[in-house]
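Q: Following the hints, position chain B against chain X.
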Amino acid sequence: MHRKFPLGLLIFFGILGIISIFIPHPSWEAFDGMLRNKVMLIIGAFALILALGNLIRVHYLKIKRRAKHWPFSIVTLLSFFVTSIIGLFGDSGANTMDGSFRTIIGTFEFDIMTIYFKILVPLGATMFAMLAFYMASAAYRSFRAKSTLAALLLISAFIVMLGQIPVGAAISKHIPAISDIIMRIPNTASKRGIEIGVVLGMLATMLKIMTGIERSWMGGGE
Amino acid sequence: MNWERLLMLDRRVIFLIMALVIALPIIFPFGLPTQVTDRTQRLFDTIDATREDQAVLLSTDYTPQTEPELHPMYISILRHCFARNIKVLMVTLYIEAAGLMDVGLREVMDEFNARATTHEDSIIMGEDVVFLGWKPPPIIPILAMGQDIAGFYKQDFYNQETATMPVMQGIKNYRDISIVVAFSSGSSPLWFVQFAQTRFGVKVGAGVTAVSVADFYPYLESGQFSGLLGGMKGAAEYEELVEREVGVQGRRRATEGMSSQSAAHIAIMVFVIIGNIGYFATRRKR
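Those sequence lines, one after another, are chains X and B.
Per this note's numbering, the first sequence starts with residue 2, numbered consecutively.
Per this note's numbering, the second sequence starts with residue 3, numbered consecutively.
So that you can see chain X by itself, here it is in the shape it has in the complex (with noise of 0.2 Å):
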């Protein structure tokens, strides 16, 4: 039973989802959004605080495990309560209209924009930034033209490089355009194989998963 029921309910609403495409009736449309709309948003709300909760335990179990890497877990602790703790008690804006969500309790006062501009925001530049000093490094030291196909790559990297800048064109007019040609054919032929490839896969596991050939998604290890 505790194998059927969940098998039973996937394929029974996976039928609906589908079928309901094809069925343009006003009635059948009002209980699709219903579905979509209402009991969705439940299901997405169960599942945040499953997320949640498997947040916390298993960076607790780290903590206490001592395992690698576990002082982090402290922070990531850390962060999610005391964030958590301020949001939840925040005002949500309402008659503001200044885009601030201020927390009160008793004598204590906080904006949770504050952790926004001055902790996020800062913290996810500097990280994305960083990346640019990396690429120059790992360019200078891996990036060799060892063969015909890497010396072609090398070309087409140099000349997409030079159209994504007004630089290109300054050197010629050319280079934007080729830069566009190789974007929109070569580029677009490899992207289209690989996305046709992708959606016939997720399409044969979804069949697999709806006929109950595929059940690992259950657990148990089946």
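In short, the hints are calculated from the structure, not lab data.
Note that the coordinates shown come from a computational prediction; the quantities given were computed from them, not determined experimentally.
It cannot be assumed that every hint is accurate.
In silico PhoX-like pairs for lysine-lysine, Cα to Cα no more than 20 Å straight-line [stated by the list, open to error]: (1) B:K156 with X:K39; (2) B:K174 with B:K137; (3) B:K137 with X:K39; (4) B:K174 with X:K39; (5) B:K156 with B:K137; (6) X:K5 with X:K209; (7) B:K156 with B:K174.
A: For chain B alone, coordinates are given in the frame of chain X:
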């Protein structure tokens, strides 16, 4: 020349060179003309053709990491819409983007309101624009907006009731949207193609990072995207169009950043060339 030593160059030297190459053009920019590509022009034209009874839906789905590339696109399109009196509806599928959207919207509203002389010239929240906020998970809002936008987003980001807002009058679902423009550091433009365009027939445009633009070309070529802005250059092109075609002046962040990006691209190419010369010189020796 000792190529082997050069190839073993301390990476801190490379980091220092990159820091200078990126920072100096920010302080001393070298202005180069921006050429507008066809994919940017197509997006501009589609937005420009929005009828009076329609709105543009902006889905801002980027994190602070990609702000320098995507935020200027969002600002430019807001300027374009406000200058043409096009109604703007805004959502975000990523919670991390909500704060950036709010700040960007206020910045552009302040720009316009500082110049406004009448009520009609002013940009007013709820009358000309509404920020509908964030609702998870991402696919649900995309599908729900095909039925009833105000029914799904009952309150906006600032907890104001949406159904009674002037901006929402006559705007029910995707049928009243001229184009959805998704700014994304991930896959949200594709979700709009899969779930909003395929099912409800709405036009979709995209603003994506330079590193991911190659992934979106098949959708541009097939006509599923009505325009595509790629990276900081795409944003600079849109800034150019908004200033040239619409006559809106304002800070052009992407254009400012192009000097730095140009220098960084050239520096990386020079590194690759030196690395390859060194590789072939040392290989011959071996």
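Q: Determine for every hint whether it applies to the structure shown.
A: Checked hints:
no.: 1; hint: B:K156 with X:K39; verdict: holds, 13 Å
no.: 2; hint: B:K174 with B:K137; verdict: holds, 18 Å
no.: 3; hint: B:K137 with X:K39; verdict: holds, 12 Å
no.: 4; hint: B:K174 with X:K39; verdict: holds, 19 Å
no.: 5; hint: B:K156 with B:K137; verdict: holds, 11 Å
no.: 6; hint: X:K5 with X:K209; verdict: holds, 15 Å
no.: 7; hint: B:K156 with B:K174; verdict: holds, 12 Å
Comparing the model with each earlier hint shows no violations; every hint is respected.
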